[in-house]
Amino acid sequence: MPPVGIWIDGLIQSCTYMTMAFGMVLVFSILGILNWAHGQFYMLGAFVFYYAVTAAGIPFPVSLLISGVLVGGLGILVEKFIIERVNIPSAQGALYVTVATIALIFFFEGAASMIFGMQDKGLAMVLPGVLDLGSFSVSYQKIAVVIFTLVIMITMYIVLNHTKVGLAIRAAAQEPDAASLHGINVERLSLLVMGIGCALAAMAGSIMAPVFIINPFIGGIPMIMSLLAIVIGGLGSLTGAIVGGLILGFLNSVVAYHLSYFSEVVLFVLVIIILLVRPQGLFGASRK
Amino acid sequence: MKKRYSIATILVIAGMVFGLGGIASADEPIIIKVGLPTVLSGPAAPWGQIGMEPYLTWIELFNKEGFKVGGTRYNFKLITVDDKNTPEGGAAAAKQLIYGDKVKFLAGHWSWNFPAVSAVANQAKVIFLTRTGNEAVPGGAYDPKKMPYVVFANPSHDQFISDCFALVEAFPNYKRLGILDCAIGKGPGWDYVEVALKKAGVKYTIEWFPFGTQDFTPYITRFKEAGVDVVYVAGWVGESMAFAKQRWEMGYKDMKVGHSGPFVSVGMYNAVCGQDAAQGFIGQYWANWDFKKTTVNPKYVKMCQDVMKIVSDKQGQPFAYTGWIGWLPSHLLILAQAMQKAGTVEDPDAIMQAIRGGTFDSTTGKWTMSGAKTYGSPVVFGCPSALSKIQGDKEVYLSEHPMKPLP
Numbered sequence: 392m393p394p395v396g397i398w399i400d401g402l403i404q405s406c407t408y409m410t411m412a413f414g415m416v417l418v419f420s421i422l423g424i425l426n427w428a429h430g431q432f433y434m435l436g437a438f439v440f441y442y443a444v445t446a447a448g449i450p451f452p453v454s455l456l457i458s459g460v461l462v463g464g465l466g467i468l469v470e471k472f473i474i475e476r477v478n479i480p481s482a483q484g485a486l487y488v489t490v491a492t493i494a495l496i497f498f499f500e501g502a503a504s505m506i507f508g509m510q511d512k513g514l515a516m517v518l519p520g521v522l523d524l525g526s527f528s529v530s531y532q533k534i535a536v537v538i539f540t541l542v543i544m545i546t547m548y549i550v551l552n553h554t555k556v557g558l559a560i561r562a563a564a565q566e567p568d569a570a571s572l573h574g575i576n577v578e579r580l581s582l583l584v585m586g587i588g589c590a591l592a593a594m595a596g597s598i599m600a601p602v603f604i605i606n607p608f609i610g611g612i613p614m615i616m617s618l619l620a621i622v623i624g625g626l627g628s629l630t631g632a633i634v635g636g637l638i639l640g641f642l643n644s645v646v647a648y649h650l651s652y653f654s655e656v657v658l659f660v661l662v663i664i665i666l667l668v669r670p671q672g673l674f675g676a677s678r679k
Numbered sequence: 224m225k226k227r228y229s230i231a232t233i234l235v236i237a238g239m240v241f242g243l244g245g246i247a248s249a250d251e252p253i254i255i256k257v258g259l260p261t262v263l264s265g266p267a268a269p270w271g272q273i274g275m276e277p278y279l280t281w282i283e284l285f286n287k288e289g290f291k292v293g294g295t296r297y298n299f300k301l302i303t304v305d306d307k308n309t310p311e312g313g314a315a316a317a318k319q320l321i322y323g324d325k326v327k328f329l330a331g332h333w334s335w336n337f338p339a340v341s342a343v344a345n346q347a348k349v350i351f352l353t354r355t356g357n358e359a360v361p362g363g364a365y366d367p368k369k370m371p372y373v374v375f376a377n378p379s380h381d382q383f384i385s386d387c388f389a390l391v392e393a394f395p396n397y398k399r400l401g402i403l404d405c406a407i408g409k410g411p412g413w414d415y416v417e418v419a420l421k422k423a424g425v426k427y428t429i430e431w432f433p434f435g436t437q438d439f440t441p442y443i444t445r446f447k448e449a450g451v452d453v454v455y456v457a458g459w460v461g462e463s464m465a466f467a468k469q470r471w472e473m474g475y476k477d478m479k480v481g482h483s484g485p486f487v488s489v490g491m492y493n494a495v496c497g498q499d500a501a502q503g504f505i506g507q508y509w510a511n512w513d514f515k516k517t518t519v520n521p522k523y524v525k526m527c528q529d530v531m532k533i534v535s536d537k538q539g540q541p542f543a544y545t546g547w548i549g550w551l552p553s554h555l556l557i558l559a560q561a562m563q564k565a566g567t568v569e570d571p572d573a574i575m576q577a578i579r580g581g582t583f584d585s586t587t588g589k590w591t592m593s594g595a596k597t598y599g600s601p602v603v604f605g606c607p608s609a610l611s612k613i614q615g616d617k618e619v620y621l622s623e624h625p626m627k628p629l630p
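Heads up: the protein sequence lines correspond to chains A and B, in order.
Sequence positions in the first sequence follow this note's numbering and run 392 to 679.
Sequence positions in the second sequence follow this note's numbering and run 224 to 630.
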């Protein structure tokens with residue numbers, strides 16, 4: 392049985408993957424695309440947060456919101472001026488979007504390298520200190536990650552289930568044509584959803600920035616892990632994204648504790664097994 | 224016929240005039256181009272970029288006197304190409320430098336793409352001063368017959384072993400040494416390291432992490448359970464900082480952490496780890512003015528100190544990175560002295576003959592090329608294997624275990 396520290400670590404990892412995966416699935420549900428540059432929005436969020444805290448001296452919770460708003464806005468611009476234009480209604484449309492968003496990975500990483508530099512940055516001064524629990528301790532930064540994730544998930548639940556916008560998003564996700572006929576502007580909704588998805592990635596990057604290091608290349612692994620979480624949970628299922636992220640975070644930590652660097656191999660094998668047994672993922676709709 | 228004769232005469236005279244012009248300015252040194260394939264983009268770029276300013280400044284100081292071979296004075300000119308820290312990038316950079324920029328030597332190289340750069344350099348008979356790469360060990364890809372122009376001017380594996388000895392000497396009451404590396408670094412080089420550590424009776428545990436890992440909680444826990452109290456990370460700056468921070472947060476404050484690389488900037492460690500967690504962090508130390516066991520030519524010590532001052536003035540802030548001292552300047556001194564011994568700047572075979580088994584005075588001390596039995600050719604230069612630790616916002620000398628000549 393792994394020690395408590397490993398389970399806490401698993402929970403922290405789960406929080407990141409849940410938030411990231413939730414944003415990705417939200418975008419997929421409405422736009423029908425996988426944003427391969429989702430991890431780079433995570434990275435940009437971390438940088439915005441870093442400069443908001445260090446250069447502008449803005450308090451940490453406000454910086455978190457600023458990061459979400461700014462990077463969410465960037466996501467809207469990407470949707471409006473790139474994805475919307477290449478996502479033509481044909482078989483090639485999805486391919487063009489894939490190529491465009493993969494190109495964005497290199498663009499954002501290159502731009503971040505030029506603008507922010509490539510030296511690792513850190514925010515150890517944000518919420519320093521640890522909560523001593525006897526045989527182990529947990530940093531306040533990690534506790535903040537858990538609280539943040541809970542707040543985000545509750546907020547998203549309320550938005551999606553108890554607001555008009557949420558109703559529109561759910562309607563457009565299930566039946567875009569019918570939603571359109573009922574007066575929902577799906578194009579405008581797509582922009583909003585892309586903004587929310589990117590804002591979630593940015594805020595995940597921001598809340599993790601004090602925990603880990605910040606550099607232009609930190610987005611790759613969270614993106615891959617979120618993708619795995621989505622595959623486990625079921626592509627298109629918001630509940631699946633949460634459960635998938637939760638499972639993956641704990642698995643990653645516990646397997647790494649037992650098997651060291653073989654953990655990645657084991658994780659991918661597990662995902663393949665899940666796909667073989669249940670191709671639609673744990674919460675995805677089954678194919679008829 | 225007469226006209227042709229006149230033209231020929233004019234050409235001869237013109238040639239003499241230009242030739243004489245050359246002779247007239249015989250004090251002007253002849254430039255020897257040296258290529259440096261290094262990483263200037265991607266995650267490892269800070270390591271490539273931070274050395275540029277001190278390298279160029281050191282060469283500028285060195286060139287004031289230059290070096291003489293057969294009465295002719297020579298200067299070095301450094302040409303740098305981004306090797307992107309990949310094998311393909313390394314090969315492309317080497318080709319650009321050798322065939323495009325026409326460099327005579329490759330030096331200062333430290334990336335893990337050694338085999339790719341080496342293949343290009345050897346084919347072109349260009350002497351290549353590098354570190355022992357992952358493959359560059361007995362049983363690995365390094366073959367002195369296939370790579371007759373490779374010199375291990377920075378013996379990374381042997382230095383890593385000596386670093387471990389320096390750690391054990393710094394903490395004689397250590398319980399167990401933890402060694403951490405990324406799984407992509409696994410290779411025959413590690414077998415070589417393990418054999419040496421076992422032979423010396425060092426108690427150790429090795430852990431591997433997958434590429435891209437930022438969360439080291441599982442590895443810290445495994446080390447703790449194995450009784451490890453000193454962890455030495457093979458390179459990997461960002462990962463080392465994350466490790467140090469996380470072990471502190473987990474309450475393992477007495478677990479010492481270091482990495483086999485010099486500090487790029489102490490401020491960065493304090494910012495990433497937090498001031499408390501960064502204290503005591505260990506790194507390689509190339510400040511030759513602080514060496515306790517290795518004697519360095521005072522002339523080179525002064526040059527290095529001058530460079531530190533000039534770069535600090537240029538950058539408008541104290542420049543404390545010492546890693547550059549052990550790389551390019553040391554390589555260029557080996558080259559210059561080898562050319563003097565060989566009496567030629569043109570013949571790579573004669574220069575290599577002077578390098579093999581030769582003794583050279585460098586910025587990191589005077590060492591004799593060894594390793595005939597270990598590597599198949601005496602092309603391994605020694606090093607001080609000095610370590611420092613972070614104290615406040617400075618790095619201070621910790622310990623030193625000069626590398627013994629390899630059999």
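One or more hints might be untrue.
[Said to hold, decoys possible] So the derived label-pair ranges between C-beta atoms look like this:
| id | chain 1 | residue 1 | chain 2 | residue 2 | range |
| --- | --- | --- | --- | --- | --- |
| 1 | A | T489 | B | D366 | 38 to 48 Å |
| 2 | B | E448 | A | A482 | 31 to 41 Å |
| 3 | A | V537 | B | Q346 | 48 to 58 Å |
| 4 | A | W398 | B | P630 | 22 to 32 Å |
| 5 | A | A485 | B | E448 | 45 to 55 Å |
| 6 | A | L486 | B | E283 | 51 to 61 Å |
To be clear, the hints were calculated from the coordinates, so they are not data collected in a lab.
Glycine included, C-beta positions come from ideal geometry on N, C-alpha and C.
Note to self: Taking the Cβ atom of L486 of chain A and the Cβ atom of E283 of chain B, is their distance within the range 51 to 61 Å?
What the structure shows: This hint holds: roughly 53 Å between Cβ atoms.
Check: Falls inside 45 to 55 Å, the C-beta gap from A485 of chain A to E448 of chain B?
Finding: holds (48 Å)
Next item on the list: Take a look at whether the Cβ-Cβ distance between T489 of chain A and D366 of chain B falls inside 38 to 48 Å.
Entry: holds (43 Å)
Notebook entry, point to check: Taking the CB of W398 of chain A and the CB of P630 of chain B, does the distance hold inside 22 to 32 Å?
Noted result: violated (50 Å)
Next item on the list: Hint says 48 to 58 Å; check whether the CB-CB distance for V537 of chain A and Q346 of chain B agrees.
Entry: holds (57 Å)
Check: For the pair E448 of chain B and A482 of chain A, does the Cβ-Cβ distance stay inside 31 to 41 Å?
Finding: violated (54 Å)
Violated hints, listed in ascending order, are 2, 4; each of the other numbered hints is respected by the structure.
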